[in-house]
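S.K.: Here is how the chains run, residue by residue.
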Amino acid sequence: MKLLDKYNRISLLITVLVIIITGFIYYFTISYVLTDQVDQDLKVEEQEIFDYVKANHQLPQVFKSESLKIEFKDIGSDTVQRLFVNTQYQDEKEHDLESGRGLISWVAVSGVNYQIKIVESKVETEDLIRLIFIITLGIIVLLIVVLMVINRLVIRNLWQPFYEMLRQIKLFNLTDKHGITTLTTGIDEFQDMNEEISAMSARVKQDYQELKSFVENAAHELMTPIAVMNSKLDTFIQTGNLNEDQGSLISDMYGTMSKLTRLNKVMLLLTKIENKLINDQEPLDLKEAVQTACNEFQEMAANKALSLDTHLSDVTVVMSKMLLDILLNNILSNAIRHNSPGGMVVIQLDSNALTVKNTGGSEALDATTIFQRFQKSPESDGSGLGLTLVNQICENYGLGLSYDYINGFHAFTIYFKAALK
Amino acid sequence: MKLLVVEDEAGLRDSIRGYFTEAGNICETVSDYPAALQKINLYRYDCIILDITLPNGNGLDILQSLKHNRHPDGVLIVSARNSLDDRLTGLDLGADDYLTKPFHLSELRARVVAIVRRKSFDGNHKVIYNEIEMDLQAMTIAVGDQPVKLTRREYALLLYFIVNKGKVVSKNALVEHIWGDGMDMADNFDFIYSHIKNIRKKLIDAGGRDYIQSTYGMGYKFSDK
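Top to bottom, those sequences are chains A and B. When you number the first sequence by the numbering used here, it's gap-free, plus one each residue, and the end is 421. When you number the second sequence by the numbering used here, it's gap-free, plus one each residue, and the end is 1225.
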């Protein structure tokens, strides 16, 4: 539940509750005051009767009145308790019962006691109370509406910086150039949070950049010593008089050197691709590129007696030629190197995807880890960065990449529209 | 060939000088920017092997100075930075070629020789080694009067051998020359072997001598001795 909704719910509930309680208090207070008022009227009537009896020594004439009724009853020598009662009032005109307030008292006229019953209709009082109830209800509705509006407009507006920040955090990407910008809000809490987040993102970015440039510099710096070693080896083999054993040692050294070089170069390339430093994009004929790459690998495939099966249609992609070549070379060389002798490589290219399928190991690879750095099969003598490179290139151009194991084929598929995946 | 090596790394500088110094070649070396600038203002070279990251200066400035003075020297840039920008800037400024460290000396030599050949005034596009004659323009080979048909890769290998005649060339250098360094080496050694077998056979069939010697199982040497 959103903070705003939660807050709204609580505040509305409390408001309604408070208003209802106030309504009750209001009701009781007003009805008490009004009843008191009626009682005063009744007392005045009673006094008038007493005054009349005192002056004239007889009961006063009873007139019909709109909202007042006076009754006398002969009670002989008895007396009654003087008291106020809630009773019914019979309306003469409308012949219906209304609630009324009565005063029961007695008076002695020439030695005979009479009970006096004065009843006043409370219909006006009730009308008043009804009015008060309606007004209270109106206030509740009005308040709810006003609160809603305030919440929608004001509070939403107040939280705007928060949502803006949240949007930026969601978009935050370590590798791109955009940081989290500092917003100017009039609210201290948000201002603090925003400044902290902004500073933190800048710090994280800087650390990441430093780490990357360290990797890049380290790889660069390694190139010169490797170059020196390489050149010394080249010079050493010119000296002559080596035997076969020494020759094979040197051969191993060459092999290791080239592995080291390749590892270094791939690391540099990865950093460069991640930093999006390679942006010489151009429209490329993918069909032609695949064919060229296939030709390059013809010998390797023939050496393993692999059958190369291609189904290509015309597709144009916009990317760097160098990266496309690296992509195809890695995928194809994997398909050939990890193949079993006499196996198959199937390359399918249509407007949706490029699929390279190959026979080989009889078990599916772990699709979650194969694209990670330095993941390789135990028998592979590759760098373990080939598929990472492929993955990174695909990511850079928004291409989808997936691995499946279908019917004994290891299939790597590059989707031209990642969305189609 | 008269060469100048501008390289701050002593080990590499000495190796290059050692590899290029032989009868008919002069190879001078300098290690920093001012010395290099002085040399190129005083002398002319067939090819300058230029490292672009130098102490006290940038190799690209040396290249600019050369071009500014309209000196015809060939320039081969060597750099540890395999960045496309550097490569393009270098070539835009008029460098003849660009080689990324680390490289094999045989590859360096092949590049240098190609530059020198292109720069030579007589437009010589023929490489002749005893009875073998390669026409680089027509991409043809003849042993004496007998034409020999080589595949693209065999042709490239033979040219590489002739340029590096008398030197031991490692299999790794050959693989890198033919397939680039993006490949895993081990897979390609067999192909090198079969290519060389084919070259040998074709040359001998055409009446040539067998110049390619396998050395210590780790490389080959093209030599008439």
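Some clues are possibly wrong.
[What the hints assert, rightly or not] Which bits of chain B does chain A cover? Going by a derived footprint, with three or more residues having C-beta under 8 Å, they are:
#1 1007-1014
#2 1134-1145
#3 1214-1221
Honestly, the hints are just simulated from the structure, not real lab data. Ideal placement from N, C-alpha and C gives every residue a C-beta, glycine not left out.
S.K.: Now, for every hint given, state plainly whether the structure supports it.
M.R.: Now the hints, each set against the structure:
1. 1007-1014: Since 3 is at least three, the answer is holds.
2. 1134-1145: n = 0 at 8 Å, threshold three: violated.
3. 1214-1221: holds (count 5)
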